[in-house]
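Asks: Could you build all of it, start to finish, from the sequences and the hints given here?
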Amino acid sequence: MIRSLFFAPANRPDLLAKFPRFAADCYVIDLEDGTPPAAKAQARSALAASVASLRAANLPGLLTVRVNEPGSEHYLADLEAAFATDADGVVIPKLEHPAQLFPAAHWIRNRDRTAPRKQPRCIIGGIESIGGVIEAVNLCRADPNLVAVYFGAEDFAAEMGGRRTALGNEVLYARSQVVIGAKAAGITAIDQAVTDIRDDALFREDAARGRELGYVGKICVLPRQVAIANEAFAPAADEVAYARRLIEAYRVAVAAGKGTIDFEGKMIDGPLLKRAEQTVKRAERVGAR
Amino acid sequence: MIRSLFFAPANRPDLLAKFPRFAADCYVIDLEDGTPPAAKAQARSALAASVASLRAANLPGLLTVRVNEPGSEHYLADLEAAFATDADGVVIPKLEHPAQLFPAAHWIRNRDRTAPRKQPRCIIGGIESIGGVIEAVNLCRADPNLVAVYFGAEDFAAEMGGRRTALGNEVLYARSQVVIGAKAAGITAIDQAVTDIRDDALFREDAARGRELGYVGKICVLPRQVAIANEAFAPAADEVAYARRLIEAYRVAVAAGKGTIDFEGKMIDGPLLKRAEQTVKRAERVGAR
Amino acid sequence: MIRSLFFAPANRPDLLAKFPRFAADCYVIDLEDGTPPAAKAQARSALAASVASLRAANLPGLLTVRVNEPGSEHYLADLEAAFATDADGVVIPKLEHPAQLFPAAHWIRNRDRTAPRKQPRCIIGGIESIGGVIEAVNLCRADPNLVAVYFGAEDFAAEMGGRRTALGNEVLYARSQVVIGAKAAGITAIDQAVTDIRDDALFREDAARGRELGYVGKICVLPRQVAIANEAFAPAADEVAYARRLIEAYRVAVAAGKGTIDFEGKMIDGPLLKRAEQTVKRAERVGAR
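Chains as they are written, first to last, in numbering that gives the first Met the number 0: chain A, 0 to 288; chain B, 0 to 288; chain C, 0 to 288.
Any given hint could turn out to be false.
What the hints assert, rightly or not - Rough simulated footprint, nothing fancy, chain C against chain A, three-plus residues with beta-carbon under 8 angstroms:
no.	region
1	33-41
2	269-276
To be verified - Okay, derived cross-link-like pairs now, DSS-like style, lysine-lysine, Cα gap no bigger than 27 angstroms in a straight line:
no.	chain 1	residue 1	chain 2	residue 2
3	B	Lys17	A	Lys265
4	B	Lys265	B	Lys280
5	A	Lys17	C	Lys265
6	B	Lys265	C	Lys17
7	A	Lys280	A	Lys265
8	B	Lys257	C	Lys265
9	B	Lys17	B	Lys117
Think of the hints as simulated: they come from the structure by calculation, not from any bench.
For glycine and all other residues, C-beta sits at the position ideal for the given N, C-alpha and C.
Replies: Structure below.
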């Protein structure tokens, strides 16, 4: 369950030190876009200390490292450095081919086996290029260690040469294809970032649209977005109450031999019951808002 | 031509008996979601009588049976029961693989051949799961007996863990992929249900959007939706009049050696002529509204 | 760079003669939809003279010939006639299979080689059928001589039996798939036509939506649309100024060891920098509006 995937640059110990203040479901120490090229080598060297210090802080969520993209000169060195730490997993950006997952999967299956962990490490993939979007369905099911993917709309739109709008129709196809790929593979789907710094309303609206599509969490590029994401991806109290009423009404109906019921103005059968059960289950895990 | 695909539960003879009151293009006796699990076996046993009684009522449309999904324990028994009746075909929900069509296609090709029918039985498929949407193009062309598919947005959205909105952007990708798959295969595409019981305006709007995408009919979960669907998928009188004027203007233009004309504010060439001809042809089959 | 792909019928020398008045990036002498069937043979015969005369006029953009669709009886004769002229390339409508590109590619690789040209001839493909949209990704990368594709929404919608709206949600899936296919192959993506003759505002809005998706130009079916397209696909002056400020701020930040900056209310990192650089580069090529 990753409602909030919260990034801070690997070369900014001051920002990393603030992770414990924000209750993210997953924290990301970012060696990629957040760290400028000239600072990448040093940030990599500092990774062990950063992870150790954050481990000591008992973060409430997963702690991961985003490595540089598979095509870059940094990729294998970043993975090596990340796996040398006690991080819970790695975030691999700009995934385009299943083979790009191999080095990380190899380490998880082999090296980690000789030094067993409570939980196996996880891989979170970024689908944020044209090639990645085209291959989304295959990428999501490419490796059992890939537990989640995020859709990176900014990178995708940059490669397309397109322009972002608040409504986001220009990325609806790609955003849909990625969440469908993730759900087909049974993995977690994390929605695009909102880069507007002071526009919390836009973040909320965008999260609502992501949730409608089936996303269960969101990239957070600002600390204040973490709490909003956690809330946005929890069901609302009235949704939960409605779901409970629906489930009860359906139980009564089925006992009376009916498979379809007229419930509060809607024709309810299997699919709507299933959605209501998901809502209640989700509220039990993350609470209602 | 299926403008209205009208469902009633197989275990509700009282509702099935009302079929003749509503002029659907295709009626469905529903053994799946409409019939609760505990009632399925008995509903299957009652199928022969239900079909016989509805046959005697001379319904104006096709009479079909929706069996339970291919993955369920009921699938083959339901098919067996459906083919033992005089129904015009079967509706197979949650199609995901071409092979799932095989048992029904086998019966049509073999058993029905020894007891010939005026019209071969048909299969109508439901594309309403993530796997089905991903495979939509292949599914639609998988078997010559598959004459139509419907897009089941509620089931799809439930599996995605998404949330439905009135505008429906959250299913636009899937709804588009299914209608494209159907049209590529040359089969009938039937649009999603609207579950709001008293909101006829929403049904009309949703039908209009489905028609824009290329759908030619709609799932009806309520009797009152049948007439609305029949009307919504017929061309409007002013559309037909416009189309006739366009065709005539184009005829005159072509005779004068022009392939492109300025007609009532639009630049008209082949594609718009083709659409006008479709409109007139459709009005000749189903009337205008 | 094709901001405006401007069509006139091959059988209308009066309209072709007006090409020099409008500064299109690419002119198309149209043997397909613009020329009625009975006039096609004669238009083909007149092609050499039309091209020669337009060559003499020193058009500012590419001069091409749209042949009839690959499935038609005219296809090979049209190609033969087009390649016998000094045109810069051919436009092949309704592409559905890579093999359909073969005859044109063969001529470019073989015949043109014996009579070398400054620039090799180009092929521009039309993706405007259901089959073409389904195969868009493969079609776009099928041949190195294919330098651009356009999305033909009217033909596509006609084959779907759908209806066009101003907003265009009914073709969003197809329009997205085509531009993604083009960008994945690194070729130019040209957006759909607007057939409303006097509605320049609609043309502008539709061009803006196309640009958001990543399209870099538009089909023009009317002379007045050429200048509007050229303008619509150039960056706005304030966009360029914003991009220049962003690039400078990012340069300063990187020098200070930051990879992510808070810039005028947005959280900026790699992707947004990349988009800003594209904007400036584009303004340097086509100017700002």
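Asks: If you test the structure against every hint from before, which numbers come out violated?
Replies: 2, 8
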